[in-house]
Amino acid sequence: MRLSFDEQTEAFRREFVAWLDENAPDPATALAERSRSSADIPAWAREWQRKMFDAGWLVPGNPPEHGGRNASLVEVFVHQEELGRRHIYPSHNPQGLTIIAPSILVFGTEEQKRRWAVPVLRAEITAALGMSEPDAGSDLAGLRTRAVLDGDRFVVNGQKVWTSGAHDADVILAFVRTDPDAPKHKGISCLVIPTDSPGLTRRPFGSIVSPDDLDFNEVFFDDVEVPAENLIGQLHQGWRVATGSLGHERAMLWLSFAERLDALVEHGGDTLTARGLTDDPLVLDSFGNLVVDDYALRLLGYRTLAQARRGVEATEQSILKLLGSEAVQAATLDMLEAMGPDGLDPDRRSAPLDPLHSEVFTASWWERYLRSFAGTIAGGTSQIQRNIIAERVLGLPR
Amino acid sequence: MDFELDDEQLELQRVVRDIVGRECPPALVRAVVDGSDDGSGLWKTFVQLDWPTLTVPGDDGGMGMSAVELVITLEELGRVADPTPFLATTSQYVPVVRACAHGGLRTELLGAVCAGRTGAVAFAADAVRARRDGGGWVLDGSAAHVIDGDRADELAVVARTDQGIGVFVVPAGVAAAARTPTFDAAFHVADIELGGVHVGEDRGFVGPEVEDGVARARQEAVTGLAAVTVGASQRVLEMVLGHIKDRKQFGVPIGSFQAVKHMAVDMYVAIERARALCHFAALTIAEDDPRRALGASLAKAAAGDCQRLVARHGVQLFGGLGFTWENDLQIYLRRAKVGEPLLGSTAEHRAGAARLVLAHQHPTEAA
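Residue numbers (the working numbering), protein chains in the order written: chain Z, 1 to 398; chain F, 1 to 367.
Take these hints with a grain of salt, some might be off.
What follows is a set of in silico ranges between Cβ atoms, one per label pair, in the way DEER data are often shown [to be verified]:
no., chain 1, residue 1, chain 2, residue 2, range
1, F, 40, Z, 374, 41 to 47 Å
2, Z, 139, F, 316, 25 to 31 Å
3, Z, 229, F, 248, 53 to 59 Å
4, Z, 229, F, 259, 23 to 29 Å
5, F, 248, Z, 139, 26 to 32 Å
6, F, 341, Z, 22, 50 to 56 Å
7, Z, 22, F, 66, 52 to 58 Å
8, F, 144, Z, 397, 44 to 50 Å
9, Z, 15, F, 246, 53 to 59 Å
10, Z, 352, F, 246, 53 to 59 Å
11, F, 40, Z, 383, 36 to 42 Å
12, F, 66, Z, 139, 28 to 34 Å
13, Z, 63, F, 341, 56 to 62 Å
Which chain F residues stay away from chain Z? Per the calculated CB distances, all over 12 Å, these [as the list claims (entries may be wrong)]:
no., residue
14, 22
15, 30
16, 33
17, 108
18, 114
19, 134
20, 151
21, 291
22, 312
23, 320
24, 337
No wet-lab data here; the hints were simulated from the structure. Glycine is no exception: its CB is placed at the ideal position from the N, C-alpha and C atoms.
Using the sequences and the hints, build the whole thing.
Pasting the structure below:
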């Protein structure tokens, strides 16, 4: 046990930090053009993502041809940590970067990697993730969007929902039912579906934040023809891709919660200091609780990192997601209430805008509170996480 | 950052768990509670194993280990509701002597620990004053809620002097100590009357380095108490898991019900959260990291949250079967809760952690 990383890791950190100092985008340019959804990458951000890719700093764990430098797990972590610390978003198409491209890199053919994974990483195209359906949320394997293989193409019919950024995305990585007679986990396949395919309709809808907050989509498939070569992984083996994809999502999730908690300490602490509330006993209690959660999450995350490094399969992603998402929610609510009547204004930012990051991270306390439910719902609800921990970690009967 | 116990630490944890599992069963704790055993046999076992010297430096005859090993050990002792003065001796007295005493007395006192003598600390700078008196010191005031203050061989009193905080080491029997009742009868807490107690010149230590040493020793004490809380909470969870896997109602184990599962998971997460912070606090002490004050408060605050939830859910999940004297749950429940108000409450440490972090914030707010 020790508090510091080894010298090799710190040297890696210094190299990345020096590169960031030299190459990070101009905040003024970034302020002029903002992203409007999670698959809308402004021109400056495309250039930025491409620059990171070319320098091997976009996904350092990847080989150079996929935007990396074959970095170790701990180095990948340090890279994420520095981006978080500096409030820099590596990609304004986060699902593309962290779920879709890695899924294709793991399960796709060389041709599929060339056609979709690399362009997503280089910000030449954007991608959305088509998983949830109106009747398949927590029970994802119950999805019903149907794809029938007919010669050299699939014909897709059905509906996806909660598809973030679909209206701005070039392709959707969609999970579809290809064998309705098989047990539910065994009849699913994974397809890359271009969003300009005839018969595909996207309908963005407002989130709980605002009718104008358009990121979620309903996506309707009406006899959409998809070339058979767009099948990722094997036919009927899509569940493996799905769990792999969620695995990617879960593995990165704890760090995103740790960054949110760090930001809450920073933005919350600044706000409380500015408002002269730092001697209020209730504020000290809730802020102290946030600090405990922030440190605990990071420490538990470090432990899973050490386990992963030793090749031990981490059973703790669910714990980190549960603890992190609920801590963010509690602390955000505490801050909203600490604001008093000033918390009523939904346009009053909680912190100065970070030009190189997504705007939602400095939105009003009210908006941040609402968005905290994304953490406790998406990617497996807190209740599902508790079931997973109870059964897989504590050994309780199903 | 390497936040895993290394092989030697894991081995220590395994060895301690094995030994205390054997040597300190619930029956022993019950015997101590009903007065038919005084726990001295268990203490002798610990002394034979050199455990009380865990953090006594090697040059002074001890094992020379760090606060991390101490916390690992204390967690296991909390898990069995250890009835000996191990906590006070190792996490309070030894750190105070190590950090504040010097010269021949330091060697003598640490040597005595190696020989099996026990110690306690009255952190009583707010309540006890020490004045010069001829060649020595005289104390005035009384110290409340001193862990093992009634039975330790030596008592280190932290008192205020004209030259700042001082430490005065008083042998047992010199000050009037009265054990106070607690709901955990295997855990000793005492009030000590120190008015008029004379302390020889060689047994008093004052000066800026003593004040700093006391602060550092207190961080170790706070972390040690948090570790005991985590260990006892862990025992409660283990008992609860056994119960809800076995106990059937409506034809199925009650642990298959989601309402029950989710409570057990919340207990587990609370324990993991607190344990991580205990290890962090110990690590900041071991590496003398500037975050050690913050670390200790985070550990105590998280341990307080942990025992609160674990005790509430633990009793609830056992149902009527846990609501008996016969069920061992009550032993560990008591140990989990006894440390909460001592050496600073959960709320005080939470606020303390908040203050330490807020002191570094900037007074800016978005328009």
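Violating hint indices (sorted, rising): 1, 4, 7, 11, 12 and 21
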